[in-house]
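Those sequence lines, one after another, are chains A and B.
Okay, so the first sequence: first residue is 1 according to our numbering, each after it adds one.
Okay, so the second sequence: first residue is 1 according to our numbering, each after it adds one.
Just so you know, the hints here were simulated from the structure itself, not pulled from any lab data.
Don't take each hint at face value.
Same chains, same names: a pair is fine if it fits in one copy or spans any two.
Under the rule of at most 25 Å between Cα atoms (straight-line distance), these lysine-lysine pairs were calculated in the BS3-like manner [unchecked claim]:
1. 83 x 112
2. 100 x 45
3. 112 x 54
4. 124 x 134
5. 54 x 124
6. 54 x 100
7. 54 x 134
8. 100 x 83
9. 43 x 112
10. 133 x 54
11. 45 x 124
12. 112 x 134
13. 43 x 124
14. 119 x 134
15. 83 x 45
16. 83 x 43
17. 112 x 100
18. 54 x 119
19. 83 x 124
There are 2 protein chains.
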Amino acid sequence: MRKLTGLGVLGLLLVAGCCPMMRACPCAARTVQGKLRHVVLFKFKAEATPQQIKAVEDGFRALPSQIPGVRSFEWGTDVSPEKLSDGFTHCFLVTFDDAKARDAYLPHPAHKAFVEVLKPILDKVLVVDYVAKK
Amino acid sequence: MRKLTGLGVLGLLLVAGCCPMMRACPCAARTVQGKLRHVVLFKFKAEATPQQIKAVEDGFRALPSQIPGVRSFEWGTDVSPEKLSDGFTHCFLVTFDDAKARDAYLPHPAHKAFVEVLKPILDKVLVVDYVAKK
Numbered sequence: 001m002r003k004l005t006g007l008g009v010l011g012l013l014l015v016a017g018c019c020p021m022m023r024a025c026p027c028a029a030r031t032v033q034g035k036l037r038h039v040v041l042f043k044f045k046a047e048a049t050p051q052q053i054k055a056v057e058d059g060f061r062a063l064p065s066q067i068p069g070v071r072s073f074e075w076g077t078d079v080s081p082e083k084l085s086d087g088f089t090h091c092f093l094v095t096f097d098d099a100k101a102r103d104a105y106l107p108h109p110a111h112k113a114f115v116e117v118l119k120p121i122l123d124k125v126l127v128v129d130y131v132a133k134k
Numbered sequence: 001m002r003k004l005t006g007l008g009v010l011g012l013l014l015v016a017g018c019c020p021m022m023r024a025c026p027c028a029a030r031t032v033q034g035k036l037r038h039v040v041l042f043k044f045k046a047e048a049t050p051q052q053i054k055a056v057e058d059g060f061r062a063l064p065s066q067i068p069g070v071r072s073f074e075w076g077t078d079v080s081p082e083k084l085s086d087g088f089t090h091c092f093l094v095t096f097d098d099a100k101a102r103d104a105y106l107p108h109p110a111h112k113a114f115v116e117v118l119k120p121i122l123d124k125v126l127v128v129d130y131v132a133k134k
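With these hints in hand, go ahead and build the complete structure from the sequences.
Next up, the structure:
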């Protein structure tokens with residue numbers, strides 16, 4: 001009982017220090033070392049309508065729930081003041097546990113269907129994958 | 001005492017579920033919603049030596065300790081099989097709490113000194129910043 005309590009106190013201290021349920025998770029923004037990051041940039045054609053662009057955004061956002069192996073997903077539109085974006089306006093960051101998960105993602109029917117929605121309004125795409133390290 | 005033990009058990013369960021000291025932190029790869037992501041891609045000149053490229057990698061890696069406001073940092077070299085990297089080989093992902101922190105980072109003397117190391121071997125650079133959302 002004494003031992004459990006001691007462990008419990010230790011547990012509480014650890015929780016207070018690292019659990020997302022107790023406070024903003026301190027590890028949320030840390031390096032996810034060893035994970036495979038899949039960085040995708042889009043520039044859309046000038047004639048692309050806001051509705052078409054929204055369909056691409058929503059289509060991409062839906063992929064993690066349609067394809068197994070996606071560890072996390074986020075995206076956003078360029079807000080850099082440096083003017084070095086080469087016209088790319090959209091960035092999507094897909095995180096996989098490893099290259100195997102990425103290799104299953106790329107040819108997945110849901111991904112292929114998404115590409116068909118994307119293609120008609122795509123001007124340029126750029127993809128870089130890297131294994132995250134510090 | 002009973003109450004503390006109960007809390008302790010809860011604490012242990014939570015720790016087992018979410019602490020990076022117990023297992024890979026499940027939140028580590030999650031979306032860091034609201035954070036400003038600064039994505040930087042480099043392509044180096046063909047004549048850049050491995051030593052020069054290493055100096056750039058190390059110089060970039062040193063910036064988070066030299067400039068306040070960097071929430072997290074990671075990098076890696078392209079391993080995408082898609083051949084859509086447009087020659088970019090290096091990706092650096094710098095995370096800031098907000099645009100204000102990014103705005104303080106860009107003109108920081110340490111960042112400017114780094115750019116001087118980079119310039120002689122830089123072929124192309126691409127920068128996209130986005131506020132991470134799901």
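Here is how each hint holds up against the structure:
1. In this homomeric assembly, residue 83 and residue 112 come within 25 Å of each other (Cα to Cα) only across copies, at 17 Å, whereas the closest approach inside a single copy is 32 Å.
2. Taking the closest pair of Cα atoms, residue 100 and residue 45 never come within 25 Å of each other, the shortest separation being 32 Å inside a single copy and 31 Å across copies.
3. With identical chains, the CA atoms of residue 112 and residue 54 are at most 25 Å apart within one copy only, with a shortest distance of 18 Å there and 37 Å across copies.
4. Taking the shortest alpha-carbon separations for residue 124 and residue 134, only the inter-copy value of 23 Å comes in at or below 25 Å, while the best intra-copy value is 30 Å.
5. Taking CA atoms no more than 25 Å apart as the test, residue 54 paired with residue 124 passes inside one copy only; the shortest distance there is 17 Å, against 30 Å between copies.
6. For the homomeric pair residue 54 and residue 100, neither the shortest alpha-carbon distance inside one copy (30 Å) nor that between copies (28 Å) is at most 25 Å.
7. Taking the shortest alpha-carbon separations for residue 54 and residue 134, only the inter-copy value of 14 Å comes in at or below 25 Å, while the best intra-copy value is 34 Å.
8. In this homomeric assembly, residue 100 and residue 83 come within 25 Å of each other (Cα to Cα) only across copies, at 17 Å, whereas the closest approach inside a single copy is 35 Å.
9. For the homomeric pair residue 43 and residue 112, the shortest alpha-carbon distance inside one copy (19 Å) is at most 25 Å, but the shortest distance between copies (29 Å) is not.
10. For a Cα distance limit of 25 Å, the shortest separation of residue 133 from residue 54 across copies, 14 Å, qualifies, whereas the shortest one inside one copy, 33 Å, does not.
11. Within a single copy, residue 45 and residue 124 get their C-alpha atoms as close as 8 Å, and across copies as close as 23 Å, so both meet the 25 Å cut-off.
12. For the identical chains of this complex, residue 112 and residue 134 are inter-copy neighbours only, at 21 Å across copies versus 33 Å inside a copy, given an alpha-carbon limit of 25 Å.
13. In this assembly of identical chains, the alpha carbons of residue 43 and residue 124 lie at most 25 Å apart whether taken from the same copy (5 Å) or from different copies (18 Å).
14. Only between protomers do residue 119 and residue 134 lie at most 25 Å apart by alpha-carbon distance; the minimum there is 22 Å, versus 35 Å within a single protomer.
15. In this homomeric assembly, residue 83 and residue 45 come within 25 Å of each other (Cα to Cα) both inside a single copy, at 19 Å, and across copies, at 21 Å.
16. Within a single copy, residue 83 and residue 43 get their C-alpha atoms as close as 14 Å, and across copies as close as 17 Å, so both meet the 25 Å cut-off.
17. Taking the closest pair of Cα atoms, residue 112 and residue 100 come within 25 Å of each other only inside a single copy of the chain (18 Å); across copies the shortest separation is 39 Å, beyond that limit.
18. When the C-alpha separation of residue 54 and residue 119 is checked against a cutoff of 25 Å, the pair qualifies only within one copy, where the shortest distance is 14 Å, while the shortest distance between copies is 37 Å.
19. For the homomeric pair residue 83 and residue 124, the shortest alpha-carbon distances inside one copy (17 Å) and between copies (13 Å) are both at most 25 Å.
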